Amino acid sequence: MPPRTFFALAGAGFRRWSTYRQATVAAAFTNTVFGFLRMYVLYAVAAGVGGVVAGYDLAMLASYVWFGQGLIGVVMLFAWTDLADRVRTGEITADLLRPVDPVWSYLASDLGRAGHAALFRLMLPVAMGAMWFDLSTPDRWLSYPLFGLSVLLAVVISFGVRYLVNLTAFWLLDVRGAMTLWLFGSTLLSGLVVPIRFFPEWTQWLLWLGTPFPAVVQAPLDVYVEYSDLSGQLLVLADQAFWVVLALSLCRWVQHRAVLKLVIQGG
Amino acid sequence: MAERLLAYRHLFAAQIRSQTQYRASFAMDLASSAGFAVMDVLSVLVLFRMTPALGGFGAAEVFLMAALAMVGFAIADLIVGNVERLGVYVRTGLLDAVLIRPLGVLPQLIAIDFAPRRIGRVAQSLLALAVGFTVVDVDWTPSRVTMALLAPVTGVVLFSGLFVAGATLAFWWIESGEFANAFTYGGRDFTLYPVSVYSGWFRRLFAYGLGLAFVSYYPVLVLLGRPDPLGAPEFLAWLGPPVAAGVAVGAGLLWRTGLRHYRGTGS
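Keeping their order, the protein sequence lines are chains A and B. Mapping of the first sequence onto my numbering: residues 1 to 267, in sequence order. Mapping of the second sequence onto my numbering: residues 1001 to 1267, in sequence order.
Derived by calculation from the structure, the hints in this document are not laboratory data. Since this is a predicted model, take the numbers as computed values, not measurements. Heads up, the beta-carbon is just placed ideally off N, CA and C, and yes, glycines get one too. One or more hints might be untrue.
Stated by the list, open to error - Restricting the straight-line Cα-Cα distance to at most 25 Å, the calculated cross-link-like pairs of lysine to any residue (SDA-like) are:
1. A:K261 / A:G51
2. A:K261 / B:I1110
3. A:K261 / A:F170
4. A:K261 / B:A1024
5. A:K261 / B:V1041
6. A:K261 / A:W104
7. A:K261 / A:A130
8. A:K261 / A:P138
9. A:K261 / A:L250
10. A:K261 / A:R88
11. A:K261 / A:L96
12. A:K261 / A:R38
13. A:K261 / A:A94
14. A:K261 / B:Y1022
15. A:K261 / A:L248
16. A:K261 / A:R140
17. A:K261 / B:Q1021
18. A:K261 / B:A1027
Stated by the list, open to error - Label-pair ranges, simulated between beta-carbon atoms:
19. A:P3 / B:G1104: 55 to 65 Å
20. A:Y20 / B:A1031: 24 to 34 Å
21. B:G1209 / A:T137: 31 to 41 Å
22. A:D85 / B:W1172: 47 to 57 Å
23. B:A1031 / A:T5: 38 to 48 Å
24. B:T1134 / A:W205: 28 to 38 Å
25. B:V1088 / A:D229: 43 to 53 Å
26. A:T5 / B:A1024: 46 to 56 Å
27. A:D85 / B:V1038: 46 to 56 Å
28. A:A12 / B:P1229: 50 to 60 Å
29. A:P145 / B:W1238: 22 to 32 Å
Claimed, not checked - What the simulated footprint calls covered on chain A by chain B, stretch by stretch (three residues with Cβ under 8 Å from a Cβ of chain B suffice, anywhere in the stretch; the number is not a length):
30. 18–27
31. 49–55
32. 172–179
33. 182–190
34. 197–210
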């Protein structure tokens, strides 16, 4: 797809979401309330063991929680069924007739949406968190661009998995069950509720290498709080890059199989 | 009256039939709805891998609190949880259709969106509660048995009140959906852990303002015969049922006010 088309679609995605002003405020408010809940619980855990838990001190935990709450809107952890609805109603045929592969056009508008969320959904929880708690800031300037890159990769991975979930509509018609599996994975297994470094070590390996979930939430947050040195951060980014390639390739392949199965009625 | 009940029965039956239509999806739905209960349990267990005590309470005690919270929330969610879709009905004008039928508005909304998949979550949470009662050492007396029976009911009534009150906002503010989540789902998360974990205005608002301390925290104090580390007198724990009833009545009044305020969306 030509870059101009891609940017035009991304711009449209940005503008579409910037019209949902009330919903944006309501969602950012809810993310903030959950931020308080998670903050107090993790503080209580750290207080029980002398202030440092699984390598996070109090300031790192605070950044972890508040940036995590802000990222929910950016990587869009929650239900997204636009594509599945179009599959169910048959409108997907219109998407397939266009000269642009739907994977790329939907990715472009999702990146536009994420850009809007990065400006408006990320800021409120982080600002509220900073008002009530001490947040850690990166010591190395390089961590800021690495965090930005990591968030971008996380958005693409999240998009890929959500797109795959939506594609199951070609076979299942009702994607709610599959979507709930994504909600389950992307909250508990991603590090959103509890950092996955609290889990037993074998589970951590399994989650990082066997599932895309930590790459969506834990990865950018660990880069931001500088959980490890530069080489550790680059390793995290490499894991994310692996999942980007895998998720997008799977999207293309599954979509190809789905289209073979598609019958357009009454065209 | 009999006619009305028959009408409601048809509405429920139609909903159950339609939702079990796509078997694979329904099975996935049921499994993942149960999975969410497992998620709450897992997050508690993972936290206790890191620390021996949370807010002055051990793993078994917090587990019992979490189980009480889960039971109250899961049953309330099964019964009235779908009123949170009120915003959609207002926006699409479906509420007008509901208003012209000779049945109550709230019962109709409950019936037309009844979600049998949520039974999976109720079953799991009841199982967790049974486990919770076996892992703690309760010195059973008549008053403690009474409390063990009252507490889940208190939770159901209180969460039901919060669901209805939250949904009512949609009469004034259509896009309020996520805003109410902060108090319904947020209230559930709040009650998973002892109130002593939280502090400041946040604790005052959720524990005493919304009455959530009566769902799991005070009942567990009574069952274990422990004084409140925050200094509340023991009789306070027994005020749970009237507080929950008060919240439910308040929510009912709010609902009636909202319904009277409703003027349609101009469709």
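Consistency of the hints with the structure:
For the hint pairing A:K261 with A:G51, the CA-to-CA distance comes to about 56 Å; that exceeds 25 Å, so the pair is violated. The suggested pairing of A:K261 with B:I1110 is violated, with an alpha-carbon distance near 38 Å, which exceeds 25 Å. Under the criterion of a C-alpha separation no larger than 25 Å, the hint pairing A:K261 with A:F170 is consistent with the structure, at around 8 Å. Of the pairs offered as hints, the one joining A:K261 and B:A1024 holds, with about 19 Å between alpha carbons and a cut-off of 25 Å not exceeded.
Of the supplied pair hints, the one linking A:K261 and B:V1041 is violated, its CA atoms being roughly 41 Å apart against a limit of 25 Å. Pair hint A:K261 plus A:W104 holds up; C-alpha atoms about 21 Å apart against a cutoff of 25 Å. Of the pairs offered as hints, the one joining A:K261 and A:A130 is violated, with about 52 Å between alpha carbons and a cut-off of 25 Å exceeded. The straight-line distance between the Cα atoms of A:K261 and A:P138 is roughly 50 Å, outside the 25 Å bound, and the hint therefore fails.
Distance hint between A:K261 and A:L250 is fulfilled; the C-alpha atoms sit about 17 Å from each other, no more than 25 Å. With a C-alpha separation of about 14 Å, the suggested pairing of A:K261 with A:R88 holds against the 25 Å cut-off. The suggested pairing of A:K261 with A:L96 holds, with an alpha-carbon distance near 13 Å, which does not exceed 25 Å. For the suggested pair A:K261 and A:R38, the alpha carbons sit about 45 Å apart, so the restraint of at most 25 Å is broken.
For the hint linking A:K261 to A:A94, the alpha-carbon distance of about 16 Å falls within 25 Å, and the restraint holds. As the CA atoms of A:K261 and B:Y1022 are separated by approximately 19 Å, the hinted pair is consistent with the 25 Å bound. As the CA atoms of A:K261 and A:L248 are separated by approximately 20 Å, the hinted pair is consistent with the 25 Å bound. With a C-alpha separation of about 51 Å, the suggested pair A:K261 and A:R140 falls outside the 25 Å cut-off, and the hint is violated.
This hinted pair checks out: A:K261 and B:Q1021 have alpha carbons roughly 21 Å apart, not beyond 25 Å. Taking the CA atoms of A:K261 and B:A1027, the gap is about 24 Å. The hint holds against a cut of 25 Å. For A:P3 and B:G1104, the hinted distance range of 55 to 65 Å is satisfied, since their beta carbons lie about 57 Å from each other. Hint check: A:Y20 to B:A1031, Cβ distance near 32 Å, so the stated range 24 to 34 Å holds.
Separated by about 33 Å at the C-beta atoms, B:G1209 and A:T137 satisfy the suggested range of 31 to 41 Å. Between A:D85 and B:W1172, the C-beta spacing of about 28 Å breaks the proposed range 47 to 57 Å. The supplied range of 38 to 48 Å is met by B:A1031 and A:T5, whose beta-carbon atoms lie about 40 Å from each other. Restraint check, B:T1134 to A:W205: a C-beta distance of roughly 33 Å satisfies the suggested window 28 to 38 Å.
Restraint check, B:V1088 to A:D229: a C-beta distance of roughly 49 Å satisfies the suggested window 43 to 53 Å. At about 37 Å, the CB distance of A:T5 to B:A1024 disagrees with the hint of 46 to 56 Å. For A:D85 paired with B:V1038, a C-beta distance near 29 Å fails the hint of 46 to 56 Å. At roughly 55 Å, the beta carbons of A:A12 and B:P1229 sit within the given window of 50 to 60 Å.
For A:P145 and B:W1238, the Cβ-Cβ distance of about 58 Å falls outside the hinted range of 22 to 32 Å, so the restraint is violated. Coverage of a stretch by a chain is defined here by at least three residues with a beta carbon nearer than 8 Å to that chain's beta carbons; for the region 18–27 of chain A and chain B the count is 5, and the condition holds. Check on the region 49–55 of chain A: 3 of its residues sit with their Cβ under 8 Å from a Cβ of chain B, so the three-residue criterion for coverage holds. Using a Cβ-Cβ cut-off of 8 Å, 7 residues of the region 172–179 of chain A lie near chain B, which meets the minimum of three, so the contact claim holds.
Only when three residues or more bring their CB closer than 8 Å to a CB of chain B does the claim for the region 182–190 of chain A stand; here the count is 4, and the claim holds. Given a C-beta distance limit of less than 8 Å, the hint that chain B covers the region 197–210 of chain A holds, as 3 residues qualify and 3 suffice.
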